[in-house]
Structure formats: structure tokens, C-alpha cells
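Colleague: Sequence:
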Amino acid sequence: MIYYRKTGQIKAMTFDLDDTLYDNYPYIIRAEHALIEFLGSFADDPAHSHADYWRRHKRITLQQKPNLHSDMGLLRREVLTSGLQAFGHSGPALKNAVDEAFDFFYFERSNFQVSEDVTRILSELGERWPLVAITNGNVNLEQIGIADYFQKSFHASLAFPMKPSSAMFNAAQQLLNLPSNSILHVGDNLEKDVLGAKKAGFMSAWYADNRSMNLQNEDVTVLPDIQLQHLSELCTL
Numbered sequence: 000m001i002y003y004r005k006t007g008q009i010k011a012m013t014f015d016l017d018d019t020l021y022d023n024y025p026y027i028i029r030a031e032h033a034l035i036e037f038l039g040s041f042a043d044d045p046a047h048s049h050a051d052y053w054r055r056h057k058r059i060t061l062q063q064k065p066n067l068h069s070d071m072g073l074l075r076r077e078v079l080t081s082g083l084q085a086f087g088h089s090g091p092a093l094k095n096a097v098d099e100a101f102d103f104f105y106f107e108r109s110n111f112q113v114s115e116d117v118t119r120i121l122s123e124l125g126e127r128w129p130l131v132a133i134t135n136g137n138v139n140l141e142q143i144g145i146a147d148y149f150q151k152s153f154h155a156s157l158a159f160p161m162k163p164s165s166a167m168f169n170a171a172q173q174l175l176n177l178p179s180n181s182i183l184h185v186g187d188n189l190e191k192d193v194l195g196a197k198k199a200g201f202m203s204a205w206y207a208d209n210r211s212m213n214l215q216n217e218d219v220t221v222l223p224d225i226q227l228q229h230l231s232e233l234c235t236l
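Heads up: the sequence shown is residues 0 to 236, going by numbering that gives the first Met the number 0.
Keep in mind that the hints were calculated from the coordinates and are not lab data.
Misleading hints may appear alongside valid ones.
In the DSS-like style, the derived pairs of lysine-lysine whose C-alpha atoms are separated by at most 25 Å in a straight line are [what the hints assert, rightly or not]:
no.	residue 1	residue 2
1	Lys-151	Lys-198
2	Lys-57	Lys-94
3	Lys-10	Lys-191
4	Lys-151	Lys-197
5	Lys-198	Lys-5
6	Lys-191	Lys-64
7	Lys-191	Lys-151
8	Lys-197	Lys-5
9	Lys-57	Lys-191
10	Lys-197	Lys-10
11	Lys-94	Lys-64
12	Lys-191	Lys-5
13	Lys-10	Lys-151
14	Lys-10	Lys-198
Distance windows between CB atoms, simulated [as the list claims (entries may be wrong)]:
no.	residue 1	residue 2	range
15	Asp-43	Pro-178	58 to 68 Å
16	Asn-216	Glu-99	36 to 46 Å
17	Gly-72	Tyr-3	33 to 43 Å
18	Thr-235	Pro-25	23 to 33 Å
19	Asn-213	Ser-114	20 to 30 Å
20	Tyr-2	Asn-169	21 to 31 Å
21	Ser-231	Asn-110	18 to 28 Å
22	Tyr-2	His-49	41 to 51 Å
23	Asn-213	Leu-73	32 to 42 Å
24	Asp-98	Arg-4	43 to 53 Å
25	Asp-98	Asn-169	30 to 40 Å
26	Arg-127	Asn-216	25 to 35 Å
In this text, all values refer to a predicted model and were calculated from it rather than measured experimentally.
We put the CB at the ideal spot given by N, CA and C, even for glycine.
Full structure from sequences and hints, please.
Modeller: Next up, the structure:
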């Protein structure tokens with residue numbers, strides 16, 4: 000553990016999820032590939048459904064509705080609607096196809112289990128402090144096996160813009176009913192998590208599950224309070 004500045008008394012913790020508690024990349028890639036294959040069944044010619052086709056619809060959707068950057072679920076529904084309309088679907092058939100495709104992706108996106116090592120750490124931490132999840136993604140906490148460790152989870156949305164916005168941090172602070180400077184946020188991203196936490200008045204701990212942690216390889220705007228070598232070091236605090 001590396002301390003970059005003195006920390007105060009910790010009374011609660013908030014956690015990022017993707018790439019902090021698990022390496023998210025392989026699960027997202029697998030789910031994206033599975034979705035594209037699944038969507039081929041809705042096209043007259045399955046060859047028309049490919050990655051470039053859906054990337055184009057995503058780019059157009061974000062150009063038209065840039066606020067959807069903060070809501071991955073709503074963005075995906077809009078892209079699915081646009082792409083499936085271009086296949087000729089409309090009315091109730093379109094809505095059913097979008098719902099089916101979205102549910103398929105959401106299941107595949109969350110089709111893994113967090114390691115027993117991580118759940119043991121969360122269990123131990125939860126015996127001492129209230130825990131809250133704060134994520135820019137939309138993983139299903141129940142499906143991946145960690146919902147019971149958190150009092151609540153906040154997902155980025157139109158109402159709660161993505162980190163480093165303070166919106167989800169502020170919501171967590173209000174839920175916990177604690178001073179901001181008594182809450183430690185743990186996350187892998189030095190901008191979204193560390194900068195976001197510091198802007199909201201939280202303490203910050205930097206930990207990445209998906210890569211070696213070397214500040215020289217990171218886009219650093221502000222240092223964390225603590226850099227962890229292993230997540231279990233939180234238990235010694």
C-alpha cells in the first residue's frame with residue numbers, strides 16, 4: 000500500500016465495479032460478439048448484421064442524442080431500435096425484438112461470477128463499514144454474485160451522469176448520511192474514480208484488477224490518497 004497523503008477516519012466505502020473488482024474486458028467482448036451473432040437472426044441476410052453496422056448506428060445515435068453517453072442501457076436500446084428498424088421491423092414486432100436483444104445482451108454481459116477472493120474481502124469489509132457501488136456500467140450485481148454486499152448500487156444514467164461527475168458520489172453520500180470526507184471510494188480509473196471522488200470530497204483508493212498499476216502508464220490528473228497493491232489491503236485499514 001502506498002500513501003500519497005494522510006487519510007481521515009473511514010466510516011464507509013464506495014466501490015467502482017468494472018476493472019476494479021474484476022477484469023471487465025473479456026466479458027464485454029464476449030457479450031458483444033454473442034449479441035451480433037444473435038442479431039443476425041433478425042436480418043433477412045445475416046451478413047448485414049456485423050460489428051461495423053452496429054458501430055455506425057451507435058455513432059449516429061450519439062451524434063443525435065449526446066446525453067446518452069451517460070446511460071449505457073438506454074443507449075443500447077436506442078441503437079438496437081435504430082438498427083432493427085433499418086432491417087424493416089416496426090410496431091410491436093420492433094419493440095419485442097429490441098426487448099429480446101437487450102435482455103440477451105444484458106444476461107451475457109453479466110454471465111460470470113466475481114472471484115471468491117473478492118467476495119471474501121467484500122464480506123469482511125461489510126462487517127465493519129457500509130458499502131455502496133458506484134458504476135458507469137450496467138452489470139447485474141445479483142447475477143455476478145455481489146449484490147448482497149452493498150447497501151445500494153448507483154448506475155450511470157440520465158439522472159446520474161457518468162463519473163467523474165459528482166452526481167453518483169453525492170447520491171451515495173446522502174444515502175450513507177455521512178460527511179463526504181469520511182467516505183473512501185475505491186476504483187481503477189484515475190480520472191473517473193479518483194478525480195471524481197476528490198471532486199465530491201471523498202477519500203480515494205486506486206486499485207485496478209485488469210492491469211499492472213504504474214502511474215507512468217496512466218493519464219494522471221490527480222493522485223489518489225492510497226494506492227493498493229491488492230484489494231485485501233483494504234481490510235488492514
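Colleague: A separate judgement is required for each hint: does it hold in the structure or not?
Modeller: Structure-based check of all given hints:
With a CA separation close to 21 Å, the supplied pair Lys-151 and Lys-198 stays within the 25 Å bound. Between the alpha carbons of Lys-57 and Lys-94 the distance comes to roughly 18 Å, so the proposed pair stays at or under 25 Å and holds. With a C-alpha separation of about 22 Å, the suggested pair Lys-10 and Lys-191 falls inside the 25 Å cut-off, and the hint holds. At most 25 Å may separate the alpha-carbon atoms for a hinted pair to count; Lys-151 and Lys-197 meet this at roughly 21 Å.
Our distance criterion of 25 Å between C-alpha atoms is met by Lys-198 and Lys-5, whose separation comes to about 17 Å. The hinted pair formed by Lys-191 and Lys-64 meets the criterion: a straight-line CA distance of about 22 Å does not exceed 25 Å. The hinted pair formed by Lys-191 and Lys-151 meets the criterion: a straight-line CA distance of about 19 Å does not exceed 25 Å. At most 25 Å may separate the alpha-carbon atoms for a hinted pair to count; Lys-197 and Lys-5 meet this at roughly 14 Å.
Among the hinted pairs, Lys-57 with Lys-191 is consistent with the structure: their alpha-carbon atoms are about 22 Å apart, no more than 25 Å. Our distance criterion of 25 Å between C-alpha atoms is met by Lys-197 and Lys-10, whose separation comes to about 16 Å. For the proposed pair Lys-94 and Lys-64, the alpha carbon gap of about 20 Å is at most 25 Å, so the pair holds. The straight-line distance between the Cα atoms of Lys-191 and Lys-5 is roughly 21 Å, inside the 25 Å bound, and the hint therefore holds.
About 16 Å separates the Cα atoms of Lys-10 and Lys-151, which keeps this hinted pair within 25 Å; it holds. Note on Lys-10 and Lys-198: the hinted pairing holds, with a Cα-Cα distance of about 19 Å set against a maximum of 25 Å. The hint said 58 to 68 Å for the Cβ distance between Asp-43 and Pro-178, and at roughly 59 Å that hint holds. Separated by about 41 Å at the C-beta atoms, Asn-216 and Glu-99 satisfy the suggested range of 36 to 46 Å.
The hint said 33 to 43 Å for the Cβ distance between Gly-72 and Tyr-3, and at roughly 35 Å that hint holds. For the pair Thr-235 and Pro-25, the beta carbons lie near 30 Å from each other, so the given range of 23 to 33 Å is met. Remark: the range hint 20 to 30 Å for Asn-213 to Ser-114 is upheld by a beta-carbon distance near 23 Å. In this structure, Tyr-2 and Asn-169 meet the distance hint of 21 to 31 Å, their C-beta atoms being roughly 26 Å apart.
Hint check: Ser-231 to Asn-110, Cβ distance near 26 Å, so the stated range 18 to 28 Å holds. For the pair Tyr-2 and His-49, the supplied restraint of 41 to 51 Å holds, since their beta-carbon distance comes to about 49 Å. Between Asn-213 and Leu-73 the C-beta distance comes to about 35 Å, which sits within the given range of 32 to 42 Å. The hint said 43 to 53 Å for the Cβ distance between Asp-98 and Arg-4, and at roughly 48 Å that hint holds.
Distance hint check for Asp-98 and Asn-169: the Cβ-Cβ separation is about 32 Å, which falls inside the suggested range of 30 to 40 Å. Range check, Arg-127 to Asn-216: about 33 Å between beta-carbon atoms, so the 25 to 35 Å window is met.
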